[in-house]
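K.L.:
Residue numbers (full-length UniProt numbering), protein chains in the order written: chain U, 1 to 185; chain H, 1 to 810.
In case anyone wonders, no lab produced these hints; they're calculated from the structure. None of these values were measured; they are calculated from a predicted model. Note that beta-carbon positions come from the ideal geometry of N, C-alpha and C, so glycine has one too. Heads up, some of the hints might be wrong.
Label-pair ranges, simulated between beta-carbon atoms [claimed, not checked]:
{"hint": "1", "chain 1": "H", "residue 1": "L749", "chain 2": "U", "residue 2": "L119", "range": "51 to 61 Å"}
{"hint": "2", "chain 1": "U", "residue 1": "S80", "chain 2": "H", "residue 2": "D789", "range": "22 to 32 Å"}
{"hint": "3", "chain 1": "H", "residue 1": "G42", "chain 2": "U", "residue 2": "S80", "range": "36 to 46 Å"}
To give an idea of the chain U side of the interface with chain H (calculated C-beta under 7 Å), a few residues [to be verified]:
{"hint": "4", "residue": "A50"}
{"hint": "5", "residue": "V54"}
{"hint": "6", "residue": "G55"}
{"hint": "7", "residue": "L92"}
{"hint": "8", "residue": "P95"}
{"hint": "9", "residue": "P97"}
{"hint": "10", "residue": "L132"}
{"hint": "11", "residue": "P135"}
{"hint": "12", "residue": "V136"}
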Amino acid sequence: MRRLLTVLAAVLLWGGVAQATVVLQFTPGTKDVAVGSTFTMDLRADVPNADALVGWGGTLLYDPSLVRLDGVSFGLLWDSALYLGGDTLVTLLLPNPTSPDPGASGQDLQLAQLTFACLGVGTTRLGMAIDLLDPVQGFMRFDGNYADLEIVDAEINQVTVPEPGTFLLLLTGLAGCLGLRRLRS
Amino acid sequence: MKPKTSLTGIITMLLLGWLFASLAAAAETIVYSEGFEASNGGYTLLTSGPSANWQWGTPPAAPGPGGAHGGTKCWGTNFGAQMPRPVDESIVSPPLKLPQVSADQIIRVRFWAFVSIDGMYDRGQFFVSKDRVSWDSLAQFYNNMETSPYTTPGWHKYEFTVSNSYASNADPNQNIIYLRFRLGTPYSSYNFYCGGGDDRSGLFVDDLAITYYDIEATKKIFTLTAWEDPSAWASCPWIAPWNGSRYEVDNDIYSVARMPENEYRDYYRLGVPLAARDGFYPMELLERESEVSYTDSLVLWEIDHPADVAVAPDQAGVLHPYRPAALSAPLTATAQGKEVAASLSAADGKGVAAYNGDTVTVNFGSANIASGATLVLGVTGFVLGDGTVQPYSGTPAVVVETADGSGGWVERGRLLPRYAYSVAAFDLRPYLTQGQPVNVRLRAISHDIKYHLVDFVALYAGAAPGFRVSPVAPGKATFSGRDVLATLTSDDGNYLRLAPGDKAALEFPVLPLAAGNVREFVLVSKGYYVPTSGSYLVYTWDGNSWVQRDGHSYPGSTVSMDFDLSLFLPDPTGQYRVRIWQDFQYESAGIDAVAMKVGGIAAPLASAFDNRYNASVLGKLLALDGVTDNWSSCPRNRVVDVSFTPPGVANVPPTVNPVQASGGTSPTISWNYRDPEGSPQARAQVQVWTGTGATGTILWNPPEFTGTGQSVAYAGSALQPGGTYYARVQANDGQDWGPWAEAAFTIPLQICGDLNGDGKTNTSDYLIFQKALGKRTGQAGYSAAADMDGDGVVSLKDYSLWYACYLKFR
């Protein structure tokens, strides 16, 4: 499910000037996972050149009764050392002595990879909230302004997996059915 | 954004500082420094005559120094041109508040000066004062202040001891000192008695400091016993009567009252006309010479008499009238075996030169002295001559003598000479016998190579004509805008003090003049003067050159003065060497003896070499025996080098080369201590200045460090990116201080995003930002440098600013 989230504070800071929009997306958009399993989700972004980022931060949104965030690794452009655990992600663009680019931009830019554990059956959305009153949240552009964001949530479906014995009986039954059909013919 | 000290830096400072066991007061504490770079220092003009055109700024090319001593700016006269003449103007510091000086400290003041004035009458002068009214002259400068008048003038450092009374109070508000630099050029034309003088740009001053020196436990006291003719032109204040159109300089008064013990009441018959103005006789009292004068009282005698009469005083103030038309010239006169009567018959400037001890015997024949015998004598005093230098042996005079019954000569009076021509009269009738030849002997008392010109001698043998004298006290007297009438109207020990260039305005009431009479005037004054013009400058060797350490003016009679050279001896070679420069070139001076005590124990004089004579003068300087090393006249190379053998085992002071300073705006200063005897470092002192050689402004003057540590973190005033500074270090090996060593260091230019002040914006700065991100003011880890927008919190927005800097300066 897609949801458009416009961060009000970012808009207010926008000053009415037309700007490009950074599209933030958790991928895959829908994820089916079994209870008890571990899985990963990517946080990626389409960042126009005009919105080249030098740092970003925000708080992950998900149902903690269904999934648990076990780890975060940032994309190669970003400083992993700033992540102190928890649901709030903060990072900076690592200084690159050879890069001519003012900040990070591009399509399908990897921001982070999130590792979750599936705790129970159900469905949860994975999204991000940004509090611009927090000095380390927001998507900071090279020019010192916050980027306007379009955040695309992901949906995670947790399902129950059959017990191994039951699964074997089903297979046996299925095999028996196939054998009888061959004998009749 | 100014660089800010990081917490890490502060901790580092504390840790490094802890390397030293303890702190003590600095051996040299800087209490005032002024390099005139950021401002003119608050100095203001003090005008005593025509303007010298003092300016603050950068002097252009010659004439003149072509720049400041340190930095780019200084004070100086008439930038870019030769100094105007005549002038008399000073610059004076604002009131400087001094911290209380302790009993084991001495106050020193130092500065750099460029001197380029005439070789004889001009004077640069340095004073100090507690009240901006009474000034103590510490040094005088003339010509180029070089040992040859042909040497191109340059900047030189001067340093002098100041009385501890300037800072004896616990309250600094009570410890005020003013510094004053004066340029006085009394005449409209210049005079170079000994050559040189193409520049004549005036006086320039830069890089002042007032310091407190600790008195070392083991004192090294140098004693110089010497004399110098303070000034050929030191002779008390001059009187300048109003002649109807201007004040016309006449003559000096109480002219031989050199020093307080010689104060007396003087009687001078004015030699130039005195005209009335608005019911008063105006006069000016001028201090033109190289001295300070103290006038206790002034009275004007208005003397009325017929036109064919004259009146002249003797030295005691007794007035002797005579008729000029009836004066008799000598029949014969003998001086140095020659007949000189013709030279004495008229006041025409053609007389007899009478040096110290010379006599002139005058014979008036068998004059009829039944009605009286008044000797009238006209003399011009203190004329520079030549010959053998004579030290000051007594009050200068032309002594009037007559023979006693046994044929010996007996003093009957004396004319006290003045620089300009003056007349005195003496009643000799009581000492002469009617019918006997009238013989008078005139005997000169002088000094240096100066003589008194006995110009006119005559005898008045008639009856005394009548006259009337009316003493008049001044009706008005002002000095420097103050009413000083009460000071000058009585002999009460309250003196009007005049320094060179000062002048007081006087007005005496005009009394009615009887019909048919004319009026003469005798000015009666009481006071004394203290010559200040001579200087013995004392130097020690700093490993590279002779450095002036102290100095003082000496009187004309031989005296001893002590100079504490504890901080400078032994010199870096371990020797006790001292250079003495008597910096005059035409007035006489001489050294009788030199001595050194180390810790109270005499250090024998090992050598003494006179650079003028290129000869040893050891024998002359060994003892106070009147056998002196003398100089007179040019050239200006009265330089004597002496050395002493210290008691005990000689110690060579330690060195600290090289000194290094690095670390951006929070540098660490380190040095390499070495001692020839292997003694460990006992103490060290560190200073950081804006100029080389302890000039400009002091930025860090920490207490003295004790212990063996050889580095310390800078903790002084903020260092500005792009600025060059000078760290100085001096160490003590437990016995002696070694020479200062210095290192210049430049703070890298401030670069956007350079959070650690190393002149670069790189990942090191990123790491600083990384740790500070999200921190607010007052919170641990907050970095003001990382707070690029200064909003009190290190945010992502700050990072965008930093990153832009990074891209620009990485």
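K.L.:
Is the interface hint for V54/U satisfied, with its Cβ closer than 7 Å to some Cβ of chain H?
P.N.:
5 Å, holds
K.L.:
Checking hints one by one. Is V136/U an interface residue toward chain H, by the C-beta closer than 7 Å rule?
P.N.:
5 Å, holds
K.L.:
So does L749/H sit 51 to 61 Å from L119/U, Cβ to Cβ?
P.N.:
Given a distance of about 57 Å, which is inside 51 to 61 Å, the answer is holds.
K.L.:
Do S80/U and D789/H keep their Cβ atoms within the hinted range of 22 to 32 Å?
P.N.:
26 Å, holds
K.L.:
Report holds or violated for the interface hint on A50/U, using the least CB-CB distance to chain H and a cut-off of 7 Å.
P.N.:
Since chain H brings no Cβ nearer than about 14 Å to A50/U, farther than 7 Å, the hint is violated.
K.L.:
The hint says 36 to 46 Å between G42/H and S80/U; measuring C-beta to C-beta, is that right?
P.N.:
About 58 Å separates the Cβ atoms of G42/H and S80/U, which means 36 to 46 Å is violated.
K.L.:
Min Cβ distance, P135/U to chain H: is it shorter than 7 Å?
P.N.:
3 Å, holds
K.L.:
Against chain H, is L92/U within 7 Å by beta-carbon distance?
P.N.:
Where the cut-off is 7 Å and the nearest Cβ of chain H is about 6 Å from L92/U, the hint holds.
K.L.:
Holds or violated: is there a CB of chain H closer than 7 Å to the CB of P95/U?
P.N.:
5 Å, holds
K.L.:
Return the status of the interface hint for L132/U: holds when the least beta-carbon distance to chain H is below 7 Å, violated otherwise.
P.N.:
Violated: closest Cβ of chain H sits about 10 Å from L132/U, beyond 7 Å.
K.L.:
Using 7 Å as the Cβ threshold, decide whether G55/U counts as touching chain H.
P.N.:
5 Å, holds
K.L.:
Restraint: P97/U near chain H, CB-CB cut 7 Å. Satisfied or not?
P.N.:
For P97/U, the interface hint holds, since the closest Cβ of chain H sits about 6 Å away, which is under 7 Å.
Hint compliance for this structure: hints 3, 4 and 10 are not met, and every other hint is.
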